[in-house]
Amino acid sequence: PAMAADKPTVALSNAFLGNAWRRSMITAFEEAATKAEADGLIASFQVSNAPGENSATEQIAQLKALLLDEPDILLVNPASPTALNPTLQQACNMGIVVAVFDSSTDLECVHIVTNSFGDWARLSTQAVIDGIGGKGNVIIARGVQGSPPEIEMYEVQTELLKANPDVKVVGEFFTFCDSAKAQEALLGTIASLPEVDGVIGCGEGLGAVQAFQTAGRDIPVVAFAPSGRALKFWGEGNGAPGSVAVMSDPGQGVAALFTAINIYNGQEVPRTTIFPPVVVSDEERDQWIAAVGDDEIASWQWTQELVDAQLKANIDGMVAEAALPPVPVR
Amino acid sequence: MIKLERRAIPPWTWSFLAAIIVLVLTYIVSGRGGSQTITLAFTIAPYLVLVGLGQMLVMSAGPGNIDVSVAKVFSLGGLIAIAVGDVTGSWVLGLAAAVAAGFAMASISVIAILLVRIPPIVATLATSLIASAISLTLAKGFQGSPDPMLKGFLSWAPFGIPAFAVVVLIFTVLVSLFLKRTIWGAQMLAVGQARRAAEYAGVNASKVMVFVYLTSGVLAALAGALRASFSAPNVELGNDYLLDSIAVVVIGGTLMTGGRAVPAGVWGGALFFILLDGLLNLIGWSYAGQNVLKGFLVLAVLFLASGAPILGRGASSSKPDHTIADDHTEPEIKPLS
Amino acid sequence: MNTAILQQAQLTWPRGLGRRVLPGCLTLVAMVLILIVCGMIQPRIWSQNGLTLIMSPIVALAIASMAQMVMMSIGDIDLGIGFFVGMVTTIVATLLRDTPVLGVLALAGAVLAYALLGALVQLRAVPSLIATLGASFVWLGLGLFVLPVPGGMAPDWLFAYAFWKPPLSIPAPLVTMVAATALTWFVTRRTGLGVRFRSLGSNPVALTRSGSSLVVTRMLAYAMVGVLGVLAGITLTAEIGGGDVNAVPGYTLTTVAAVILGGGMFTGGRAVAWGTLAGAITLGLLTVLLTLLSLSSNLQPAVQGFIVIAVLAGRLVVERMSR
Amino acid sequence: MPRVRARQRARTLSLQNGAIPAVLTHATTLRDLHTADREPLVQVRDAVKTYGPTKALSGVTLDVHSGEVFGVVGHNGAGKSTLMRVLSGLDAIDSGSVQINGVTRPFGNGFPGVRMAYQEGSLALELTVCENIYLSSHSWIPDRRWHGPAARRAARRLDEIFPGHGISPADYVDDLPLADRQMVEISRATIADDLSLLILDEPTESLSGSAVDHLYDYVRRLRAKGHAIILVSHRLREILSVCDRVAVMKDGAVVSTHAAGSVTEQDLFLAMGGEVVSDKEGVGARPTATDTARPVSVKVPMATVEGAATQIVARKGEVIGLAGIAGQGQQRVLDRLWCRNPDVEVSQALAYVPGDRQRSGILPIWDVARNLTITTLPKLGKNGIRDADKEASLVAEWVDRLKISGGANAAITGLSGGNQQKVIVARAFASDADTILLDDPFRGVDVHTKAELYQLIKSEARKGRTIVWYSSENSEMQHCDRAYVLRADRIAGELHGPQITDERIISLSFAEAREARA
Ligand SMILES: Nc1ncnc2c1ncn2[C@@H]1O[C@H](COP(=O)(O)OP(=O)(O)OP(=O)(O)O)[C@@H](O)[C@H]1O
Ligand SMILES: Nc1ncnc2c1ncn2[C@@H]1O[C@H](COP(=O)(O)OP(=O)(O)OP(=O)(O)O)[C@@H](O)[C@H]1O
Ligand SMILES: [Mg+2]
Ligand SMILES: [Mg+2]
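Quick mapping for you: the protein sequence lines, in order, are chains A, B, C and D.
First residue of the first sequence? That's 300 in this note's numbering, and the numbers climb one at a time after it.
First residue of the second sequence? That's 347 in this note's numbering, and the numbers climb one at a time after it.
First residue of the third sequence? That's 19 in this note's numbering, and the numbers climb one at a time after it.
First residue of the fourth sequence? That's 775 in this note's numbering, and the numbers climb one at a time after it.
Hint data in this document are derived by calculation from the structure and do not stem from the laboratory.
Predicted model, so just to flag it, every value in this text is computed and none were measured.
Wrong hints could be hidden among the right ones.
[Stated by the list, open to error] Below, in silico cross-link-like pairs of lysine to any residue (SDA-like), each with a Cα-Cα straight-line distance of 25 angstroms or less: (1) B:486 / A:516; (2) B:526 / D:1164; (3) D:1232 / D:1176; (4) D:1156 / B:527; (5) B:486 / C:52.
[Claimed, not checked] Reference listing, derived: stretches of chain C covered by chain A, where coverage requires no fewer than 3 residues with Cβ under 8 angstroms from a Cβ of chain A: (6) 42–52; (7) 61–71; (8) 86–99; (9) 260–273.
All C-beta atoms, glycine included, are put in the ideal place defined by N, C-alpha and C.
The task is simple: from the sequences and hints, build the whole structure.
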């Protein structure tokens, strides 16, 4: 960009505020951005959440209103991987640095900051498989139907299951990674299912466990969401040993911020940069419980240094080995 | 001829018929299940039934009456109940708070409808926007989790009979008694079938409106509170309950045009929907297929169960002489008295 | 006699006309106010680009509201329009692009489906509200069949449209909206068909006695709703550049609100195209306004709700005064 | 009570005095006369039409010739409307034959050249007058650019029939008073290029006196042009004044046809199965001088035509009439009372009997019983719970007292308008209201029903109730103790007992009309 000297103005466009993840993301971002502003990294920032139920059109309207302000950096947590493309294209054409996070897009001019959903699926699925000792019946609780993350994760899950022929899939539902939906879906079918040892999924463990408790079945190994509530629940001894809590990192917004600042300052950054998801295993669980509010999702606390390290790992193509940030403390 | 049959058949029959068919299919598809399938269905049905009963009262209060705020009020009730319950340490206070919240939200609708004369669907839409704003504010930095005792009760099923379902069943009976045996019930249905006429007959229509919308709001919030105690509070907890409550009520045989409320049918509709979801998940239909089938089933049930007198379909205050015009619908009116 | 004199006065201004146009006018005022506020916060709006920017997301909403308006003019309500429009986008972004013939056929089929829905509603005395609700599940399902994942690609001619800049620096979205509204207005208010639609909503008996068939009329009305729904879907595809059945479930209720703001009624018989346009633009601009005000995002929904109530309350006050 | 078996007695009576045979012979000779000169326009032979159990038409036979006005009278449910629906081609008959203009089966839009003005409900309220005209007469209006022509034809026809009407083609019907709507309905029916038979089903029920005269003038002009007109009405005097021949229908058949000149209202009345006393009785029978001792139960401040302040007063046990041309503010008085406007004085318990039964009278889903009790429920039940037995006995009492056909459990929509009206009236009188407001409740109710209801009103008044009664039919006002003639929301005059006559009311209503023009 032209005047790398002066500080950029930042606008964050978020599609909606309806769930804990998005709220944690916004909270994390607002904290970090205020700090960045104080540290003189950015001139000013503006967070805007579109009204409505994660509606692409609302976000488009909101984006266009933001474009009128002509910010230097535009961070987008999109409602849909494709619907915003024409609008984002317009933004690029205006010479704005556009970074999309927690999603993907095939738009060339846009930088993508995201977690590897493959990693997420691998971590959680492997944990469950190990938890049930490599054999037994499992249910697959799938995420948001049709969303690219879910598709990517499903591929990983299926290939891992292929690798473990003793693990038998006895059921498969779409639970939108939402514990209430999972609970209802399970209650509706559980009676018709054989013994279930594990639930492979994307963070609906809470609802799954509750469903099994209601039905008076043995509690399977599950994948929780790293939300304060779920971790507590898990900590109270619900959920068979070997369970895990994995989810994409609400801190991505912050990561995207620092990445975009680097780009704005003319640093070379790959179009897509991968950041790690949040993983909570039995050991660190209680440490995390201390750090996460009930309705929050655990998130890494990215700082410029950490981000630079992660970017370097990306450039060197050794994301897998990159060190995870420290467990945050309250 | 169908007409003659329908004379005999009570309006809620079709919903239960549909539910039973789905149940049988479920058994066929999965060799197993036994009574537990039913038990679990009855474990989740009550929440939808509670919302449905409120929606039913609103809908039977006349053409154009509908409460689209139930979903958001439901979620709000959940959050408030848990939050208050956590702070005060008493789930009773929690539920009370939720009820109060539902009452407050419904009052907004009532004011908008009666004083500002906004059509219900828009008024309640506005209410639901306000409710969701409050939920969002609450959810920020939300603390608290359900009271274990209440939670235990909600999933307690001695001899496979969910206790909570029994409670809601009794409540349903009370509602139908209210409609059949009480003066208010009669007056409500009178307003429902012809508001002007009822007013000239000395019925206070506004009172009826206030009553039904407040009831609907309170029930939605209460159901939300209980649902949240059953699993966990969540801003999106109620989202599915709007369309489902409407569908369930109408499948249950309540007239969209008002004047006829069928509490029993709400149970039928709710069980039908829940069992159907279970079945579709079981046979692992793609989400797309599930929706297409669900849609066609709803239409099919309507097709059989229909017979709403054309009198004022949609909404009819300005359709005089209908009964005379559409004679073929007469016999379908007759059995309702 | 003096009644006659009274009425002489009214001859100039037809009885009942005021009652019917007033609400639309008030909504128009509200719309202008919002535009002005936005303009004060962000002067860049006052340019062809600015207006195009903030108006283009509203086009599809406006056309969908026209569909809802036609529906309400025959005394019905459509709770499926949101998913229908979504489904259309999936068809446009795939079939219509790759195999135009198939695409056109599919869209025609969608319109036909609507007509059949109308027949069901009429023949089986099914409440439209619940019938369309059931249909909405079907639209969603079909949309997912066509495009399980949001994606596809708008046909090139649509992109051409998206970047079209009309002469005299008129914003393109405005042209589209006005054209669609004018069409709806003409059909519903000027043609015999429109008269039949509205009498179906106002008093079906009159329609039967005039010798026309209720079924055919209702089917035609539903077909028109379908056509407008398709148009909305096409413009939406241009806006989102691809197909997504879940793009606009919110339209279902928003369009109803738009019609009411425009002066429509649930009791049927009223067709207020221009008012509905004003209503749709007002609702669409709210997002822009709220974003420009950049007020705490939690409160945004509440503010939306209050603004809707306020506009309608304002109408009530004016009506009271005019009486 | 004597009225209970009115009809049976009437029949025996008429057979004894042999009225009908006499009339019949006369009628036949007269028909021969007609058929001699030319082939009748309408020929109905043994037309039978049944609706489920009810036999609406049991073998109707009649001829109507071009250039005559043919009256049809009969009690509610006698089959008149059904016969008219058959003639206009809306309903098909089960057996028998109908031939009009040589056509024997209606196609598409009914029989060619036959047009019908309905009793109620055939205008679309949300449409403008002009659009309603287009809707019903589109065959004779260009399909494109039709607004102009339609409006012009509407205006021309309205002026032609009802000079001085204040209706503009652009008005929305919803915003027109009932009387104006009826005018539109009638004009609508007459706008057809191929008109050869015009059917008017109870056209004057909601028209004001002058409009009625205008209408009948027009009918005569149509006759002069050689059109045939069939006129259905419960107003025997009107029938006799305009018709050439009158057919009397009873229980779905034409029992006799008369030359209008050669019969009196009495004869028709008897032929319909009426009873002499039931109509005569009570007219002016009430004490004319209302004793001022009785407590005042209703007071409505008003202004006289001259603008002086005055008020409408009703005492306990009085029947007060609100007379005058339709839509001169009578309803507004009732509304002020019903809504208990601060300025009015009115006793505690009120009941209202609406005139527009379809829209503000019946509760369409319920049966007669529930329709009848809804107002009284709070009184019958205790602490919120209904009392089934008390309700049942109350219903039984009133169904029997007013001879409501179909009984307690018939669907209200299955009843004739007349019987529906009985239920609505019973609803009000069954309540414990001490003041009862009647809003022109007897439109389109047959003479017998009316007679019964008049009796009811009187006896209830004697029991100490106050009745405030608006009627568009001046002759009804004779049953009042006092009548206020209203005009433009003001009181044009007050009439006592015997003074209350058609003539006095009309003159008071129109006295001002001249003033206004001057
Ligand atoms: N649509 C209908 N459905 C069922 N029965 C009907 C219908 N129309 C008429 N009937 C039967 O035919 C009989 C005659 O009805 P009709 O309308 O001709 O009476 P009417 O002579 O018009 O009475 P009124 O003088 O009150 O208008 C009624 O008593 C009724 O039993
Ligand atoms: N839907 C119906 N079902 C059964 N009978 C009907 C129906 N509609 C009309 N009728 C019969 O038609 C007859 C006449 O009905 P209509 O509407 O003509 O009222 P009416 O008889 O004309 O009374 P009025 O002259 O006082 O208006 C009634 O006797 C009634 O029994
Ligand atoms: Mg009749
Ligand atoms: Mg009649």
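How the hints compare with the structure:
At most 25 angstroms may separate the alpha-carbon atoms for a hinted pair to count; residue 486 of chain B and residue 516 of chain A exceed this at roughly 34 angstroms. Using a Cα cut-off of 25 angstroms, the hinted pair residue 526 of chain B and residue 1164 of chain D holds, with the two alpha carbons roughly 16 angstroms apart. Taken as a hint, the residue 1232 of chain D and residue 1176 of chain D pair is honoured in the structure, with Cα atoms around 14 angstroms apart against an allowance of 25 angstroms. With a C-alpha separation of about 11 angstroms, the suggested pair residue 1156 of chain D and residue 527 of chain B falls inside the 25 angstroms cut-off, and the hint holds.
Distance check on the hinted pair: residue 486 of chain B and residue 52 of chain C sit about 30 angstroms apart at the alpha-carbon level, beyond 25 angstroms; violated. Coverage of the region 42–52 of chain C by chain A is violated in this model, with 0 residues showing a Cβ closer than 8 angstroms to a Cβ of that chain against a need of three. Counting residues of the region 61–71 of chain C whose CB lies closer than 8 angstroms to any CB of chain A gives 4, which reaches the minimum of 3, so the coverage claim holds. As drawn, the region 86–99 of chain C meets chain A at 0 residues by the rule of a beta-carbon pair under 8 angstroms; below three, the given contact is violated.
Counting residues of the region 260–273 of chain C whose CB lies closer than 8 angstroms to any CB of chain A gives 7, which reaches the minimum of 3, so the coverage claim holds.
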